[in-house]
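Colleague: I would like the entire structure built from these sequences, with the hints used as guidance.
Just so you know, the protein sequences line up as chains A and B, in that order. Each number in our numbering comes from the position in the first sequence (counting from 1) with 103 added on. Each number in our numbering comes from the position in the second sequence (counting from 1) with 103 added on.
Do not take every clue at face value.
Identical chains blur together in the list; that is why a pair holds if it fits in one copy or across any two.
As the list claims (entries may be wrong) - Listed below are the simulated BS3-like cross-link pairs for lysine-lysine, each with C-alpha atoms no more than 30 Å apart in a straight line:
1) Lys-156 <-> Lys-127
2) Lys-127 <-> Lys-248
3) Lys-197 <-> Lys-248
4) Lys-245 <-> Lys-214
Hints are computed from structural coordinates only; laboratory data are not their basis.
Number of protein chains: 2
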Amino acid sequence: MHSFARWILVLIGLTLALSASAAKDPNEDAIKARRAVMTLQSWYAGPLFQMAKGAMEYDAEMAGIYAAHLNTMANVEGGAMWPEGTDNGAYAGKTRALPELWTTWPEAGKKAEALSEAAAALAEVAGDGLDALRSKIGAVGKACKGCHDDFRAEKM
Amino acid sequence: MHSFARWILVLIGLTLALSASAAKDPNEDAIKARRAVMTLQSWYAGPLFQMAKGAMEYDAEMAGIYAAHLNTMANVEGGAMWPEGTDNGAYAGKTRALPELWTTWPEAGKKAEALSEAAAALAEVAGDGLDALRSKIGAVGKACKGCHDDFRAEKM
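Modeller: Next comes the structure, spelled out in structure tokens:
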């Protein structure tokens, strides 16, 4: 088959595959995407906090990999995931994001930067030993909590 | 406050913050994490496919950024997100992953590698023009579809 025709077929297949999972309202896709980012931040941060508090044995290789991925997930392009109007009023039950996230902007953006910086600093040392991990993970926890305290509702 | 005491307080706060969202069954966290990866792959791939098929105007900067992030999301550490026994039988309604994903392993791993390679090749050229984007995006679509066809149930 001509390669262009084959490409079109692949594209049709992919469009069908994507549209099956895409929400009708693009804002819902954005909400789903930002929640996915936070799910993965939590996924990679989890074992690091477990190691830091001694609930999981420190593993230098795992700590390095997970901190690197936490750093990645703290730096993904996420601007388009936070369209105006997608707060927990208009999208009750789908997001915990408070209206203040938008009305006090760029405060929330500063919180995101704090996480990026803390995650980058942690990624640099997480594989160097438990003390090194502990020396930098507090700032990550503070960054998570700082944003959640101000911009996330208690319950969905 | 002594910095260690402060660190402990941060840790307690973070533990509470994380545990509020963590599922009781660790396998459910793993399922949630892998679905988050695919949500983000779809998020970043979406505009690229839209551009490729002419449904969205080609934007070199956006194409470059989105392809880079798609590449990132095609290469995150995901092994621990697919524990044995987390198929759509045991976890009906929570995952579409078919048991074959595990029983025919490493076939699904090869599919993941195909996506990594296709996404890396796309990321190299996506910002160089629409023709360049089109020349490499078909392989990404094929990689997505290849894995879904074999290892994903039609419906949740």
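Colleague: Are the hints correct? Go through all of them and say.
Modeller: Against the structure, the hints come out as follows:
For a Cα distance limit of 30 Å, the shortest separation of Lys-156 from Lys-127 across copies, 19 Å, qualifies, whereas the shortest one inside one copy, 43 Å, does not. With identical chains, the CA atoms of Lys-127 and Lys-248 are at most 30 Å apart between copies only, with a shortest distance of 21 Å across copies and 32 Å within one. With identical chains, the CA atoms of Lys-197 and Lys-248 are at most 30 Å apart both within one copy (20 Å) and between copies (28 Å). Proximity of Lys-245 to Lys-214 under the C-alpha cut-off of 30 Å is restricted to the intra-copy arrangement: shortest distance 10 Å within a copy versus 38 Å between copies.
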